[in-house]
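Chain D: place on chain H using the hints.
2 protein chains.
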Amino acid sequence: MSDAVSPLAPTSYPEMPDIAGVRLATAAAGIKYRNRTDVLLMVLDAGTSVAGVFTTSRCPSAPVDFCRESLKSGSARAVVVNSGNANAFTGKRGRETTELTARSAAQAVGCRMDEVFLASTGVIGEPLDAGKFAGVLGDMAATATADGWEGAASAIMTTDTYPKFASVQVKIGEVTATINGIAKGSGMIAPDMATMLSFIATDAAIASPALQSLLAEAVQPSFNSITVDGDTSTSDTLLMFATGKVDMAPVTHADDERLGEFRAGLHRLLVDLARQVARDGEGASKEICVTISGAESDASAKRIALAVANSPLVKTAVAGEDANWGRVVMAVGKAGEPADRDRLAIWFGDVRVAVDGERDPAYSEAETSQVMKRDEIEIRVELGLGTGSWTVYGCDLTKAYVTINGDYRS
Amino acid sequence: MSDAVSPLAPTSYPEMPDIAGVRLATAAAGIKYRNRTDVLLMVLDAGTSVAGVFTTSRCPSAPVDFCRESLKSGSARAVVVNSGNANAFTGKRGRETTELTARSAAQAVGCRMDEVFLASTGVIGEPLDAGKFAGVLGDMAATATADGWEGAASAIMTTDTYPKFASVQVKIGEVTATINGIAKGSGMIAPDMATMLSFIATDAAIASPALQSLLAEAVQPSFNSITVDGDTSTSDTLLMFATGKVDMAPVTHADDERLGEFRAGLHRLLVDLARQVARDGEGASKEICVTISGAESDASAKRIALAVANSPLVKTAVAGEDANWGRVVMAVGKAGEPADRDRLAIWFGDVRVAVDGERDPAYSEAETSQVMKRDEIEIRVELGLGTGSWTVYGCDLTKAYVTINGDYRS
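Order-wise, the sequence lines are chains H and D. Take the first sequence: its letters are residues 152 to 561, numbered as in my numbering. Take the second sequence: its letters are residues 152 to 561, numbered as in my numbering.
The following block holds chain H by itself, in its conformation from the complex (with noise of 0.2 Å):
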């Protein structure tokens, strides 16, 4: 694997501030890589409610499994995350890794199991060795600090070349909270689904059933609204916790009016995540954002949007700094919904190349490749048929994406 950082990689990044409640710490456990954190703990105080949205993956991996399980007792106080191995396919032995690792974690933590959440991420099939890290959860549990948010954006990475992480701060009520996320994901990137991992933790004070309704919502614009190859993960888990130190009457129900501020704050901080995950697309070096308005509907336009960022000939137009509109349209016409292709208008950047069918007649060449020069392509159809709108963030297809996927395992 290369060490080239994405092109795309933020050039800033927040200072991420800590959240009562919740401590952290990462270790080198060797499970794949060498010289590189690679397990993760998260611990979180007692009181803390859990919301969790999964892969739709028919063959999910053991430790989402595990997750749904522990989700039902809406507590949360301990998570593991590994990466390099994602203990998926790996049948009657990978429940048994999970066990073996929750029970370490809730040793190490001193809660119930059913309170302790599992990912894991990387190669697929081969059996993970939780004595490689379940040994150290006591050690971590006892030095975890309420800073180590970069460090847990670092420690679960596989081939991201960069961490993600990111915080907003919102008025909730008469009170300040704070939100904190961390992702992974580089490739088998796919919506419809959670993500690959995303971590959010709160200060704020608000029960699980009200938590799962808002991270349900959330996810929608944002994890679920990104694609890199269309390819969904077995392991994608998203799980976002309240740790309720705020002082503040909890928010039992997600229609309570003081959450206006927070439900935005929480869509910002996702999008923002789910965009550092599509701009770390393997091998990307364009993000593309496809917007589709005049659709029959949201779904139609998500689906449509979807089509076109999917399309590998669209996405190697973009590499190939190449506006060419006859694949959007294509895609467009293979996504089943409807469409008119005599009232298509389509825009690369701001500039329209093509109106009621046909090429813009003021259409210019030269205008349209100073737009592909962009890292950011935004490709933009009106289908003049209704009022339903979506965008979808995505990212170009290179040679350097079959160059990480054709020697991922060796």
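Hints were generated in silico from the structure; no laboratory data involved. This one's a predicted model, so the numbers in the text were calculated from it and none came from an experiment. Be aware that one or more of the hints could be misleading.
Same chains, same names: a pair is fine if it fits in one copy or spans any two.
[Said to hold, decoys possible] Simulated crosslink set (SDA-like; lysine to any residue; CA at most 25 Å straight-line):
| id | residue 1 | residue 2 |
| --- | --- | --- |
| 1 | K283 | A179 |
| 2 | K243 | E533 |
| 3 | K550 | P158 |
| 4 | K243 | T294 |
| 5 | K283 | D511 |
| 6 | K524 | I555 |
| 7 | K243 | P489 |
| 8 | K183 | M523 |
| 9 | K183 | E472 |
| 10 | K183 | S520 |
| 11 | K183 | D280 |
| 12 | K524 | T327 |
| 13 | K183 | P168 |
| 14 | K243 | T519 |
| 15 | K550 | V274 |
| 16 | K524 | T554 |
| 17 | K183 | R510 |
| 18 | K243 | Y514 |
| 19 | K283 | S520 |
| 20 | K183 | T519 |
Coordinates of chain D only, in the frame set by chain H:
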């Protein structure tokens, strides 16, 4: 564009016999390419019946619209095909072009306009200047000969690296009929439509409705079971002609009992042509044959097979000769079809790599590596749920695909 021929090109080509009632001519009109033929005229004797299957795109090309209309006549006398420009997304001018071309062809051949069929392939969105070739159709009709099949296959190529043609002879009742076919296609190839372009002709006497049934059936395991990049063309057109020159009582229904061998021969011919298209997939270095068995239904097996064959991560792994069956599990899981992780078994070639939801205890990396060096990679998944099965043909994803599609227009 490189002049390199795919490593998967056929090592030998069949002799193409004449089809009584079919004459062919090609010309170099300089539509996009230099120093090669780019126009094909097929001249069909009076009494020729016709069937057709077209793209399911919501944004079809002007020639597809035109053919759908002509098909209603049930009669075919002329086919005009050009390569280099798809006449797709060209609005009113596109329709004027099809009108002009069809009128010129009808004059040249001496038939009605609704007995003319048109197909165009190449760049989308550029106006096609029919004047470039409409004027030469008269000469072409006068000089067309029965032995032009190989030349016809070459004239319709775009990014294809080799011409695609095949022929079978079959008994139909007491007599022998011949079926010839040509095809083109290399990128923007995905199933659930016809294909790129393919033209089939037989000297058998089969009425249009029966011919349509036979074609619609034969397209399912052939052109509708291949994929190069999951992208669906706006121009996919498969036309079949029956000249009725064989001395036989005409077939009027698809359930005519004389059709047994004909039906099998047509299936064989279309699978042959479809695999030639898959093997010429842009940048392909290996053919991938994905067979799913033990599914709840054939339709379910097909959807899973397509998810595997279209997965960029599976395709890049094959390109890298990496038996990464974890990615096969991922693709099975994302298909959204019934599957039980813990009952899956997976083979690469004849080597079983996974069984009962985990790595095969007898797994040998060395043995599997040998399989991955082959030109044809067979991936087989047994789901253990039912009796549904399907096979899909695709190809790997290499850096050459990115190169070819990053600078197609320029």
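Exercise for review: Sort out which numbered hints this structure fails and list those numbers smallest first.
Suggested key: Hints 4, 12, 13 and 19 are the ones this structure does not satisfy, whereas the remaining hints hold.
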